[in-house]
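There are 4 protein chains.
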Amino acid sequence: MTNPIEDRDGPRDECGVFGIYAPEREVARLAYFALFALQHRGQESAGIATAPRGGSIMALRDQGLVAQVFDENKLRSLPGDMAIGHVRYSTTGSSHWENTQPIVRSDRRALALAHNGNLINAVELQAELREQGVAFASTSDSEIIAALLATHPAERIEDAVADVLPRLKGAFSTVVMTDDAVVAFRDPHGLRPLALGVLDGEDEKPSYTVASESCAFDLIGARYLRDIQPGEVLTLTDGGFRTRLVAGSERHAFCVFEYIYFARPDSRMAGTVLQVARGKMGENLWHEAPVEADLVIPVPDSGNAAARGLARAANLPQDDGFIKNRYVARTFIQPGQELRKQGLRLKFNPLPEVVAGKRLIVVDDSIVRGNTTRQIVQMLRDAGAAEIHLRISAPPIKHPCHYGIDMSTREEMIAHGRTVEEVAAELAADSLHYLSLEGVYAAVGTTRESHCDACFTGEYPLAGTEEEASGKYALELPLLRV
Amino acid sequence: MTNPIEDRDGPRDECGVFGIYAPEREVARLAYFALFALQHRGQESAGIATAPRGGSIMALRDQGLVAQVFDENKLRSLPGDMAIGHVRYSTTGSSHWENTQPIVRSDRRALALAHNGNLINAVELQAELREQGVAFASTSDSEIIAALLATHPAERIEDAVADVLPRLKGAFSTVVMTDDAVVAFRDPHGLRPLALGVLDGEDEKPSYTVASESCAFDLIGARYLRDIQPGEVLTLTDGGFRTRLVAGSERHAFCVFEYIYFARPDSRMAGTVLQVARGKMGENLWHEAPVEADLVIPVPDSGNAAARGLARAANLPQDDGFIKNRYVARTFIQPGQELRKQGLRLKFNPLPEVVAGKRLIVVDDSIVRGNTTRQIVQMLRDAGAAEIHLRISAPPIKHPCHYGIDMSTREEMIAHGRTVEEVAAELAADSLHYLSLEGVYAAVGTTRESHCDACFTGEYPLAGTEEEASGKYALELPLLRV
Amino acid sequence: MTNPIEDRDGPRDECGVFGIYAPEREVARLAYFALFALQHRGQESAGIATAPRGGSIMALRDQGLVAQVFDENKLRSLPGDMAIGHVRYSTTGSSHWENTQPIVRSDRRALALAHNGNLINAVELQAELREQGVAFASTSDSEIIAALLATHPAERIEDAVADVLPRLKGAFSTVVMTDDAVVAFRDPHGLRPLALGVLDGEDEKPSYTVASESCAFDLIGARYLRDIQPGEVLTLTDGGFRTRLVAGSERHAFCVFEYIYFARPDSRMAGTVLQVARGKMGENLWHEAPVEADLVIPVPDSGNAAARGLARAANLPQDDGFIKNRYVARTFIQPGQELRKQGLRLKFNPLPEVVAGKRLIVVDDSIVRGNTTRQIVQMLRDAGAAEIHLRISAPPIKHPCHYGIDMSTREEMIAHGRTVEEVAAELAADSLHYLSLEGVYAAVGTTRESHCDACFTGEYPLAGTEEEASGKYALELPLLRV
Amino acid sequence: MTNPIEDRDGPRDECGVFGIYAPEREVARLAYFALFALQHRGQESAGIATAPRGGSIMALRDQGLVAQVFDENKLRSLPGDMAIGHVRYSTTGSSHWENTQPIVRSDRRALALAHNGNLINAVELQAELREQGVAFASTSDSEIIAALLATHPAERIEDAVADVLPRLKGAFSTVVMTDDAVVAFRDPHGLRPLALGVLDGEDEKPSYTVASESCAFDLIGARYLRDIQPGEVLTLTDGGFRTRLVAGSERHAFCVFEYIYFARPDSRMAGTVLQVARGKMGENLWHEAPVEADLVIPVPDSGNAAARGLARAANLPQDDGFIKNRYVARTFIQPGQELRKQGLRLKFNPLPEVVAGKRLIVVDDSIVRGNTTRQIVQMLRDAGAAEIHLRISAPPIKHPCHYGIDMSTREEMIAHGRTVEEVAAELAADSLHYLSLEGVYAAVGTTRESHCDACFTGEYPLAGTEEEASGKYALELPLLRV
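Protein chains in written order, with the working numbering: chain A, 6 to 487; chain B, 6 to 487; chain C, 6 to 487; chain D, 6 to 487.
Any given hint could turn out to be false.
Stated by the list, open to error - Simulated DEER-style distance windows between Cβ atoms: (1) B:S413 to A:A430: 52 to 58 Å; (2) B:E29 to D:E255: 40 to 46 Å; (3) D:Q137 to B:V251: 31 to 37 Å.
Claimed, not checked - One-sided excerpt, in silico: chain D residues whose CB lies under 10 Å from chain C: (4) S272; (5) R317; (6) R350; (7) V359; (8) G362.
The set of hints was computed from the structure by calculation and includes no laboratory data.
Quick caveat: nothing in here was measured; it's all calculated off a predicted structure.
Cβ atoms here follow ideal geometry from the backbone N, Cα and C, with glycine treated the same way.
Chain A extracted, bound-state conformation (with noise of 0.2 Å):
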């Protein structure tokens, strides 16, 4: 560990996308805003498409944030009928401006693609398309598939979308836009969330719109629908859209994980607002464990719906025990000898007038590594707690995803190898407990059966991905993963 305060213990997501068709209003302007709400999802770089019906696509896409990335100039250079944006996570190494989407390829057909999530066979795809010839200007997984769009013969987007889906294997929460459709399709298992929303005209007709989140239709204005089916291939049309179920039948695995840490709090998934569903998770973790405490916190900002569900399930008082600074920079200072014991500090300061001589119920989503949660601890210890006990709204994290998701190595994981019991000692709380997966599936109203959580059971749900062989992906494919 280098860095406390660059060391977010905890997985992390990846991109965000954006599509919408919406002739006579500004879909530069649209997708601009929609990005802004789905900045949580992707820090290091941003881009929009946008294209006339039967006319140019034009693209601009940068590193830094949406608001850094786009200007009033740049929006109207932007014109159109419809448009697509993503917003990029990256991990070091890769952020280098050619990775950055939209990706715009002009191969048999021009087209603007953003992608959310990873190809597992994306080697052997991309050995293909370069022995035909086929060239490429960056790393990333995403312009693969934009490539087997690109060079398609079929004549409409759609049904070449319709032929490629299935030879991709993975996580993709796609949508790629050319001159005439915006065309969203998501992988036959739904791994990554992609969702339908539509924005009323008042004289006008609908205009339909996808995001990777319901919150990025709040902010323009749009009403969430419903989300796009696994296998779906959903086209986006003048007043409507067209759809059709290319890969239906296989078993559906959306990551379990957008519900209790990815995705925003006032996002809906699976029929429910995720701040609901995380105070659910919080009053499930009280039923499973109560314990008799006086003050429950969370860990901001990850464990306030818990903690607030837990609160209203105990009656029990909450307060912040901490004050988090909003200002945590990418590149930062190191701490140095004498303040190398402040570790987390930096982030989190602790309030030793509201937690001393307290018995404190601590609430937080989930522990990877769990140097955060051991410091923590610490912290409200020598603030003067009186008792600390620690709730966590999700199983023991144990195994490491192997779509996308950046966790640690299963050896770092600090649950891994250790009964919840060993976990609680290693991170000197008083008691600890985890939320079953059960209580996770009930707080959601959902069921494991269409659900990855492999990360907590090692049940990996697409064929050829189980753990024994999850080596070769990390592999084989160096700086692949947007």
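Fit chains B, C and D to the given chain A structure using the hints.
For chains B, C and D alone, kept in the frame of chain A given last:
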């Protein structure tokens, strides 16, 4: 009103200062982290000056956040036994490089100076100095103080401060460093905060430090001791400090708004941590105006602490009614015709699933012009709230600040010339209660006599600054506020 | 006149273009170095687009010099078998990002386009396209050409060019690239330059390339073959090129000022290298107006080559009478009251030791407003020159350019309404001789019939662009020049 | 060798300094323009410090060119009666912000200092100061001089200089400013240049100014008076200057390479303007080694002046055989495999039409490693030159510089261990003549006794710096050269 998301509908605070005398410690690094903790007091520029005893003052300052201005190389080029630092808030137009701090001057003596506050007699003092041939590099009133001290004939800097302090009219919490001392001083009214802390050594002598708020001490492992007294001149020395009161007889007038909004909730002032004091303001709000309700929600983050307290006092459930977008930027695209009605939604997204059908108590810290509050009420209505009861943890703001805080003009203040009922009607709230001044002071555990609450009462504590006379400061002091 | 050193007292040239079809070579790298050689034609922005055969067009363009816009990573993200490039000069106000080139459009076909020149019928063409629903991302007339070609129904790009070319009025030396061809074409009058070169392979087939000037060929190891003909459409193909003349009957009108000043002295045009042609202009200057003198000095660098020739013809010694500051920047501090009289000295420092007491022949390429020349004469007088005989290697400039060059208005031209003697008096020169038009053409070895010399003669070669009508272009075409 | 165009095959000069005492003038503006004239001596960083009499020193310095570092606002924030300035050349690795100048220190006295040269006893001096507790912000030997002066107990700065100067070993042309004086001083050997100029007022008293080269005076309207003497301490005062010689008995050793290459041709040194001196070097070259030839061409720009002189002496025609690209940038793309053979062509493009079939005399100022010259000869051969006679206006460089100039190691020098005939063969030239040392001194009108020509002769004029001992400077003084 222009861009709704930039329109912070509340008063704006001004600058944070820091000082430390700690031979054998990395003083530049300590200053860096202390400023990082004070970042909420100023995001426009940051600077650090250091000096070895008997050595050369070195300074580095620039526009930007602390983490943007400094890197490891730059910190290493700031050696020394003592340091001061500054973060600055700035209104548009005066955000030039030359107004960054600490200011370094070398007239008769070399010194560096960091200042929070503003002088009322800046114009007169500067004219006097110019007549004596003193040149100025900036337009800030802080440089006037620096010039008075740097040109002063007294041998010791603290004697120069003691002589100059009575000539300064207005608000100033100031730290000045020469090659042998760090001196902190505060105006006789004590308008702006300044605290004293101690950094215990293991085998070493203690090191003393001063900062605008005690949260800076927490980050660098120091302990809060007490506030610097109004009119006190405190000199940090080797293993201790010297103090004298040079202007003790004035009426004290600490800004009550620091308790309510400006300072971080984890800072200690007047013997209390503000999260607790603000929680009690929420409790008092409930006791002053109880109402039948289903749920308490804060306006994040300004209403968080008071909402905690009110909910505890009322034994009512609490939840997040809005999700706040953490990526709101300084420069931002106009929403355009279509999205104009979205307004504040760029910053706050309401949660219908949480608030629909509920009788809400909505808690915030203050209302200035009312634009934000009006939109909040409207958004909650649109989200299905059954009743909206506004509870504000401060009295109605009716009078401008003459001591350095950039509030609106009296005419723009919604409470100016309106009864509380009229304001409630104007905001379309079902009920509205402002916390009484007594309620504020009781929560903090202090009294009016030693504070300034002119923005609520119109009773300006400094001679010659009553409201009728106020126009002249704005006219005569362009760009002079820091 | 504002800043004397920014006041280039001569006409300004506009843009450089490049194209190459060279499978198996690093085309992006070749384009980079070619643009570097053409940098003198535009310092405002630079861009490169590449495409593999049958593949996707990739483009990268930005404001700045070639060496500032590109780095190794960016070049590597531009794979392909062919490339085009552009450097752009821009007047203040239109230097937006969206006006950089190559322009990429993907209406019916995807293409990238780089253009030097300006259209006279831009407004009409754009209006027509807009009626058909074509959207534009920029304000440049270059995008109009791109849109006409990208929306054209012809199967092959060269057929689209052949059809569109006759509809374009004005000056255009253009390179367009699709996924299977690079096509270069030039307006029927051949106003702006465009040359063809070949890059011999060792065992490979030759690769062909086009550029505004042949100096670009030298840098990448290519050989100059010939100029593209006015009205010619030349398609670069695998190991060769196809050509057709689509508008051959028009009067040719190549800009004679390219010979005199715009092009680099090492470029070949009309079968001659310009250093030699300009040297002959100097010789002719001497023969037309010999004078007793001691020393020949150039105005650096514009008068260098002609001064060489004049000195050789006269068998007179030559020396540097001025040293030129090579660091003159775009943004520059005003000299202030005291230094105003220093004026041009920021750019040129005279050498009294060289010129004092001497009868000088001072050689420059042209005089537009005369401000620079007047100061040069004065500086030489102050430095002690005994006599100053101005010799200008172009006729008097009396008429504005209607084809894309930003000269002054007629009223500002010093030769407008003055005899040569009056101009000499105005400039305080002992004598002044302008090279005759015959002298210019003889030096190049060509004739008036195929050239435009309207700035000297007022005889505008394109129909409908005679001087009386000129006002309308300025009025109707704001920001449309590239 | 890496990037051929960055590979300046010649010695590199180091830093330019400026000082002025001119109450009632805009001293910051004068410094700005003077530094602009000295820009050729350092493009890495620029800085200006100003002070009013009895007032505060203000300084602004940053990496970049003069025109990039300063703007109007920044100049306006530098008021005062006197100013000093600095431009800095830097080798890779030490180009940190903290090594920019002027250095400001405020130990016992506040001062700003600008230095050209390098100290031989920097390590010893710094160790001594550190023992006394003096801290350093940078790694430059310039800060050591600043610290010695700032900590010195003498009342007047010039007395401090007089005391410190004899303790400094090495090369230093230095300007130091306090709040009441600008003092210029030069090492007793006078290794690096420093000139005195005067700015006449109209009704005012004259103002005096110092600069590395007199070309700075020309730009600000000042007149060159004389060079500062080796060992002289010159204090600029109101309407005059005071001077004393504190170390006059040493052997003078002015760097002869300033005449040959470093200084601008319009600068005056040793009573002559260098354009004329270099012209005479060219004349002497002809007289020492006449040859039958058709044309004289310079290597631009370093050979320009000598080529002028040689052609005049030989009465041979002269022309440009190469066109130089003026846009060569610091960071530059590698040419890649294919273009590697193009090499130097990125910088110089030969003109076959000028040189083909001709017997050429090619003139340059010096040869260090010979890589550039070898390529130049090859390019001319390829362009068809019949014969190539190299004429170099300096003797063979065979020994490294120990006084601050970054030449190659002895082993890399082409003339090391080779006769002139062997060098000619190595370069593939038909003949080669180096100007004799006598020829150099005669051209300048001075003698060896007062100069350093160790790079040619190996006779190092300073005690203890003979060649055998040279290794230690490189080892002991990492990053200490400015």
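Hints not upheld, ascending by number: 8
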